[in-house]
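Chains B, C and D: place on chain A using the hints.
There are 4 protein chains.
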Amino acid sequence: MSPISAPAPLAAKEAASVFQSVRAQTETLVAPLSEADMMLQSMEDASPAKWHLAHTTWFFEEFILKPRDPDYRTIDDRFAFLFNSYYVQAGPRHARDKRGLVSRPGTSEVMDYRHHVEAGLHSILDANRDDANDIAALVELGCHHEMQHQELLITDLLHALSYNPLLPAYRDPQPMPVTQEISLTFTSHDGGLREIGHGGTGFAYDCENPRHQTYIAPFQLADRPVTNRDWIAFMEDGGYLNPTLWLMDGWATTQREEWTSPLYWWSEDDVWWSFTLRGPQPVNLDAPVVHVSYYEADAFARWAGARLPTEAEWEVAASLKPIEGNFLESTALRPLPNGGLWGDVWEWTQSPFTPYPGFTPPDGAIGEYNGKFMINQMVLRGGSCATPLAQMRPTYRTFSYPHQRWQMLGLRLAKDDTRG
Amino acid sequence: MSPISAPAPLAAKEAASVFQSVRAQTETLVAPLSEADMMLQSMEDASPAKWHLAHTTWFFEEFILKPRDPDYRTIDDRFAFLFNSYYVQAGPRHARDKRGLVSRPGTSEVMDYRHHVEAGLHSILDANRDDANDIAALVELGCHHEMQHQELLITDLLHALSYNPLLPAYRDPQPMPVTQEISLTFTSHDGGLREIGHGGTGFAYDCENPRHQTYIAPFQLADRPVTNRDWIAFMEDGGYLNPTLWLMDGWATTQREEWTSPLYWWSEDDVWWSFTLRGPQPVNLDAPVVHVSYYEADAFARWAGARLPTEAEWEVAASLKPIEGNFLESTALRPLPNGGLWGDVWEWTQSPFTPYPGFTPPDGAIGEYNGKFMINQMVLRGGSCATPLAQMRPTYRTFSYPHQRWQMLGLRLAKDDTRG
Amino acid sequence: MSPISAPAPLAAKEAASVFQSVRAQTETLVAPLSEADMMLQSMEDASPAKWHLAHTTWFFEEFILKPRDPDYRTIDDRFAFLFNSYYVQAGPRHARDKRGLVSRPGTSEVMDYRHHVEAGLHSILDANRDDANDIAALVELGCHHEMQHQELLITDLLHALSYNPLLPAYRDPQPMPVTQEISLTFTSHDGGLREIGHGGTGFAYDCENPRHQTYIAPFQLADRPVTNRDWIAFMEDGGYLNPTLWLMDGWATTQREEWTSPLYWWSEDDVWWSFTLRGPQPVNLDAPVVHVSYYEADAFARWAGARLPTEAEWEVAASLKPIEGNFLESTALRPLPNGGLWGDVWEWTQSPFTPYPGFTPPDGAIGEYNGKFMINQMVLRGGSCATPLAQMRPTYRTFSYPHQRWQMLGLRLAKDDTRG
Amino acid sequence: MSPISAPAPLAAKEAASVFQSVRAQTETLVAPLSEADMMLQSMEDASPAKWHLAHTTWFFEEFILKPRDPDYRTIDDRFAFLFNSYYVQAGPRHARDKRGLVSRPGTSEVMDYRHHVEAGLHSILDANRDDANDIAALVELGCHHEMQHQELLITDLLHALSYNPLLPAYRDPQPMPVTQEISLTFTSHDGGLREIGHGGTGFAYDCENPRHQTYIAPFQLADRPVTNRDWIAFMEDGGYLNPTLWLMDGWATTQREEWTSPLYWWSEDDVWWSFTLRGPQPVNLDAPVVHVSYYEADAFARWAGARLPTEAEWEVAASLKPIEGNFLESTALRPLPNGGLWGDVWEWTQSPFTPYPGFTPPDGAIGEYNGKFMINQMVLRGGSCATPLAQMRPTYRTFSYPHQRWQMLGLRLAKDDTRG
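Chains as they are written, first to last, in the numbering used here: chain A, 17 to 436; chain B, 17 to 436; chain C, 17 to 436; chain D, 17 to 436.
Chain A extracted, bound-state conformation (with noise of 0.2 angstroms):
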């Protein structure tokens, strides 16, 4: 059984060619990046390029080689405290907010270490063991691992450079298509009975299980996200000045930390800039906005006169009615043929993380992957131009503290229906 997920795991060697296609994407990231770059950290919340590099691959030395392989051995004992991130049950590990101090191991170690782990890898997925279909699972794990931390390696980068009174651009700045505006419409729902949560095959984290039965009052969920255009309105109209807006922590924090804009956002002759992955660019008015705490979120709600949707709403809608869409944005990573319900940004809710009823996380550090991080965070469902195509799915739950906003977030619109 897998530790994580239900469904059926992949063969071996499925889980062997998903394996070297994540590790190779993961490189073609890092690809633009000098030594020096590998080596930014400019919060705790964030990490080094170089960190997630070892770190995804410490995942599958430590939770694959180590225990079920006894001819492995590793490159540097000591890699195991350097690149944990935060299983206690995996021992002790290095200072979260001292990474970007670690000039040594440098990167061409870190891509031997990487190398290394990758050659024990296929040789045990080689072996045709008995274990198999347990060491697929946890391969096919250990790379959504690593495609999470492919989008935190994109966007702690950026929060990094934007450090960089020179803003240098991540990629060489493009053309940008031209896009629309597009008008907003919102779908109605039924309410009654549904299930969520994830109950299929194909993989999925601990805390999309198990599949359940929630209520639903009928509602309405807007067609597309919250664009710039209409960001800039909620400014205009003084949003981030009025306080009945805002949750109280919203506004104590909106007012300590000085927003007036979403992140990196900055004004230059009547034209609102923003920091990209391209560099300094004009924002794009009809692309969803992007970089919004929650708190700004909710704001931008109310002043709207509707809410955020809850997840359940969210994961209702999103397997029932696909919407279609056409959002280009200025920090894309990838094209997107489509809007769709998700794949531009991440969109929050006003549900809370909290663990599904009878959810039971998996034994042993595996177990601290999501569930204790159930407290003090809100959910967003989708997914942006930085998340691989692979994670995206109508069940996905990803979390941040209401005030962060450093990743791809953005939000949608949602209302009660009030009809009959």
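Check the hints yourself; a few may be wrong.
[Said to hold, decoys possible] With a Cα cut of at most 27 angstroms, we get these calculated DSSO-like pairs of lysine-lysine:
hint, chain 1, residue 1, chain 2, residue 2
1, A, Lys82, A, Lys29
2, C, Lys82, C, Lys114
3, D, Lys114, A, Lys114
4, B, Lys114, C, Lys114
[Claimed, not checked] Here chain C is said to cover these stretches of chain D; the calculated rule only asks that three of the stretch's residues, wherever they fall, bring their Cβ under 8 angstroms from a Cβ of chain C:
hint, region
5, 69–83
6, 222–231
7, 369–383
8, 389–398
[What the hints assert, rightly or not] Output of the computed footprint for chain A on chain B, the stretches with three or more beta carbons under 8 angstroms from beta carbons of chain A:
hint, region
9, 101–110
10, 144–151
11, 251–257
12, 369–376
I should point out that these hints are in silico values taken from the structure, not numbers from a laboratory.
Ideal Cβ placement from N, Cα and C applies to all residues, glycine included.
The following block gives chains B, C and D in isolation, referenced to the frame of chain A:
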């Protein structure tokens, strides 16, 4: 229509009588305090007793007398600034963490303020006005507001006195009844679609509305709160030392704050003592544990192989099947004829404080009463020895941040019911 | 031998008389205060008036009665813990920043404590003992200690009252004499080898000893302190906006604290106001500026093309050639017949508070009186309107951290004398 | 006239030669570092090696090339913002605590910047200009400035590497000479009127001027610094546990920071180890103690029944009577033929860093070099194993805040001389 609750309001005469009795009870509570005691503010979350006396008075003045009685004259216009708590729509207000520095007006001037407003209230209630029902509803709200502050007054005072090295008692110590260990049993509850929330007659806050359907899986609920004896077993088993029992934010908090027991506890010659309203007392082993944070309650439940109930589970159980108990504890302000499902300690639930489906706060400043707190806080149910009886009802939702401990906070265990 | 100063000690009878008069003066100072006023503590650097009443009493009890009178009985043994300030050799003590939370003992109990210790003191002074001279010297030290606390009591209270939005007055406002602008002139002083420090008869603190030689270059000293009129010119010339005028730590402080004027000042309709012991008052243009930090004083002097004097320059000038003046100011506690070289405001010098050559603190806890503060602080000379006259002498050294402003701190300009 | 020091400036040819040699030495120091090592910034007080490379270059560009060579072209105008340290008159500058986030420009671009400015410097020095003497004086200043940063580069790096759990060595460990315990003796010095400060030919900073008279009482000075053996005796005698040995601010710091030994020390199997530029090394008992704060040095001296010397005492002794010694220590960057009075560790004096009588800083941004630091810091004299020999002279004054430890800071004892 009442701005807060739909149920039929009190008649004016009843309102006057409730008002008189609640106001008198507040004065009874401060009777043992000196002018110096009245000034104590030991943290931003807590307020001086004198401020509670004045703020509860301001509430009636601001929301009833000023808008509805053109002949009403204030004693001092500046009191509106000094004694508004957090209602931004009621104008600017004094810094919350500086309330302990307001030596003037003194206690006697604040008592004059109370009596001045009380006279105004009685006038308007006696005036046989067209809006008598609205006024009575607001008076009822103000009385419940004052009852909430009665509990805060007591818990804030206990917190402040705990900083005095002489550990003075609010009330003289009295002999406490001998108690007996009570075994712990769980009662099973069926799952299904249920209604929760306030819907009948009688007073309720806005956040208890609307009554709505929710789906509950079968569950079990303990028939008594966790006791000090239980808690000591957790401590002795290393509960405060084992990170795998804790939520990540909880572990960080317990390490930073160096928690090794509930608030106000210390050990002396192998006996656990606690600072109470009656001064230092040996911990009563069979009283409900009190002054524990959500983080601690959650860790305890995990250690015990159980979990905290959701607020829906709690309310369903409390509505249908009141459970008997027989607790007495050293901090008791009033004798508790039985422990009931509530009344000894507030009980943490695993439910974040979020709006019920369809929740709409009333217009104006009164709408700030509960709605703007709906983030980062967890719901507690029941009531404590410091809670006025008139406030206890199955639908009542109070809330605290998960790190807070100075209120009378405890817990009751729940479990999934996995019977066929 | 006196533990503090070499000069001939008071006779026992004189000591009793000084004692009685100093103790009475403290009670006079607190006469206008309510029990609530007595509790105020607005920052860690400041203490409640009630604490000053008790601590000055503890000093006599701890250093005279307890070690020398075997028959002396304390009122409450725990007061030693509550009212010790910083004497580690006198045992453990209460947290300095929590003094405002000690509502009990109340004021009347503290007054009982005062009178109990006073009775003990008179007994021991009347007893015709062999160690009468030593006791008289300690009483004299305790009286000077209490006079220092009289000034602190007043300035701490002013600071606390400034946090009350009602801006209450310690004393009733009274009409202030009209003053006139006084021109600023400098007096030249020869250089050479000089003696400074206390050496004669009469009381002095340990840190004023030993009298010693020091070499001084020729210098000029202003014959009046800097006035509010001077200070406003500095402000209007952008003094608070120009980093080149400031020490680096000073500029960082002024930016962080957002200083744009002396403490307690604000501008209303183009008039500068200040909060004083007589409540809000328009700034008296020709009174000495007060409540400025070392950083501000130093920046002002640089702006004025001058510098602050060293403490040796100040003492040499004060000893040989008292300068006349005629200041009156709005915070005055006592009429000042002339401004003199001291008596209006404490005057910042450019001298860090360091030991004089050959300085040796007395043995025991009394040795902690001044010595352990000899780091990070700057010397002030003179005295303020809140300083008892009996404390003013040319050798007196007081000290503050360069960022502090709540004492009665001002400045007088000096210059190098480059003649011939 | 040189903007910094009066003495005859170098001829242009000499200046070019010194310049070349100092610049080359900086490159030698960074030779062992990777691009990642170059980025490390472990606290606001410290800077990345790459920043030191660039800032020392900016100094020559800003103060010589830009104002004096109209043909000079910058490589990148934005470097002036990135690499100015604290000269407000030279324009705005990057946040000091964010220097470690500047991954671009990379090391090779910074080396290009260095070589570009070096070419410009050689051009202007070769040009046979009327202002050749002024330029040579500025070049000399810039070289001394760069030598100061050479020491900082090393100490900042050591600090950053200490945060790497792998404790990497800057240089390969080498066997250290065996040393022998050296007894401690004191040499007596007469008192009297003396001259200190720089007055002759050769380079000096502004703050070493003017040479001036000062009166010194007879004193004794130890003929060697305090050693690690001495320090361990202090530790074993409870030196870090006894508040009566400490200044009040020192005790507060040592408690807050939990200091129980010098920086970088730890104990393993009853042996004291230290992290050094050669990685972890057992503490060399007879080397001078290093990485101790003023607070610790002062407490040690009090424990030893001695005191720290004043800077005047130190300079008088160093000028008249160099003392032999023979120290070797594990962090040594260069062999020390003898310990001398300086050269092993910087030695704390009891003198705050204040202006000498008649001190006037030069006009313009260069005037910010030392003057604005003349508050809150203590003078150290001598020089350390990381100090270039060309910087060592009896009049040199360096300074640190009393809590700082990451420089190569030690101490030498002094005493009052109470003979006859």
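We went through each hint and held it up to the structure:
| no. | hint | in the structure |
| --- | --- | --- |
| 1 | Lys82(A) - Lys29(A) | 21 angstroms, holds |
| 2 | Lys82(C) - Lys114(C) | 26 angstroms, holds |
| 3 | Lys114(D) - Lys114(A) | 14 angstroms, holds |
| 4 | Lys114(B) - Lys114(C) | 14 angstroms, holds |
| 5 | 69–83 | violated (count 0) |
| 6 | 222–231 | holds (count 4) |
| 7 | 369–383 | holds (count 4) |
| 8 | 389–398 | holds (count 4) |
| 9 | 101–110 | holds (count 3) |
| 10 | 144–151 | violated (count 0) |
| 11 | 251–257 | violated (count 0) |
| 12 | 369–376 | holds (count 4) |
Of the numbered hints given earlier, the model fails hints 5, 10 and 11; all others are met.
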